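Protein sequence lines, in the order shown, are assigned to chains A and B.
Here the first sequence stands for residues 1 to 156, numbered as in the numbering used here.
Here the second sequence stands for residues 157 to 270, numbered as in the numbering used here.
Derived from the structure by calculation, the hints contain no laboratory data.
Quantities reported herein were computed from a predicted structural model and do not represent experimental measurements.
Wrong hints could be hidden among the right ones.
What the hints assert, rightly or not - DEER-style ranges, computed between Cβ atoms:
id, chain 1, residue 1, chain 2, residue 2, range
1, A, Arg124, B, Ala263, 30 to 40 Å
2, A, Thr141, B, Gln266, 15 to 25 Å
3, B, Gln268, A, Gly138, 18 to 28 Å
From the three backbone atoms N, C-alpha and C, an ideal C-beta is built for every residue, glycine too.
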Amino acid sequence: MKSLLATLALTTALTLPGLAVARPVTLTTTLSSYGGDGAYLALYVTDPSGAYAGSLWMAGGKSKYYEHLTDWYRATGGDTAQVDGITGASVGAGRTLEITLDLADALFDAGYTLHIDAAVEDMRDSPNEVAVPLTTKGAGTPVKGRRYVASFAYDM
Amino acid sequence: MRKTLALLVASTALTATLGFAAWSATRESPRPVAALSEDGTPALPLILISDDDDDDDRKGLWGHDDDDCGDDDDDDDDDGGCRGGARNPAPAGSKLPPQNGLFGTGAPPQVQVN
């Protein structure tokens with residue numbers, strides 16, 4: 001009986017941290033009515049030193065256009081492995097992209113910044129369209145982009 | 157002289173025959189486009205005015221410099237990336253998110269466009 005309890009305690013101790021380190025976070029990006037084709041968006045994170053930490057989402061499936069997401073491209077060299085499994089369609093003007101991801105808790109209140117690069121065919125590229133610090137306090141607070149993003153917010 | 161005359165007659169006859177055939181063809185009543193392929197013959201080949209109109213007419217910030225990568229206007233995602241030989245990324249749901257430390261091991265990404 002004692003060994004069973006010990007085993008249960010051990011498995012619980014091992015399992016709980018795994019459950020606690022991540023949570024579903026919804027990223028909501030609403031584009032303005034800029035009057036162009038669908039926008040390519042790269043959502044990625046930089047660490048407290050400003051270095052690229054990883055990608056969260058890529059809206060737009062054709063890698064040949066990724067060079068127009070200039071900051072993301074510079075950081076990754078256009079490596080599509082960075083966005084394998086987290087890529088969807090480009091987003092039309094005036095539309096809202098809502099992504100729910102299971103994100104590590106360690107990203108919040110630790111100096112990480114979420115960036116969005118945007119690009120639209122025949123229109124100007126917009127690197128760092130959005131840059132928002134990831135904090136629990138900032139959740140649910142919409143921010144405005146520079147050119148194509150009318151508002152962006154994350155909820156957790 | 158006879159030989160010359162014979163040649164003249166032959167060439168005139170040939171010209172008249174060909175000319176009449178051409179004239180007859182132009183005198184046929186017009187047929188609707190739909191009817192042209194109704195009689196079992198293959199449809200008329202489409203005349204390609206431009207195969208890359210977006211590329212040529214929209215000299216924008218992208219799309220004009222990758223003629224070797226195929227048509228830019230199609231919406232399929234399986235044409236492979238061309239820039240630096242990079243392939244198109246695997247779409248969401250077809251593969252686990254990258255192990256970049258940002259993701260947990262829980263639910264796969266959910267996406268919705270409204």
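(message) A range of 30 to 40 Å was offered for this pair. Does it hold for the Cβ distance of A/Arg124 and B/Ala263?
(response) Taking Cβ atoms as reference, A/Arg124 and B/Ala263 lie about 36 Å apart, which means the hint holds.
(message) 18 to 28 Å was suggested as the range; check whether the CB atoms of B/Gln268 and A/Gly138 agree with it.
(response) Given a distance of about 22 Å, which is inside 18 to 28 Å, the answer is holds.
(request) Mind checking the hinted window 15 to 25 Å against the Cβ distance between A/Thr141 and B/Gln266? (result) 22 Å, holds
When each numbered hint is compared with the structure, no violation occurs for any of them.
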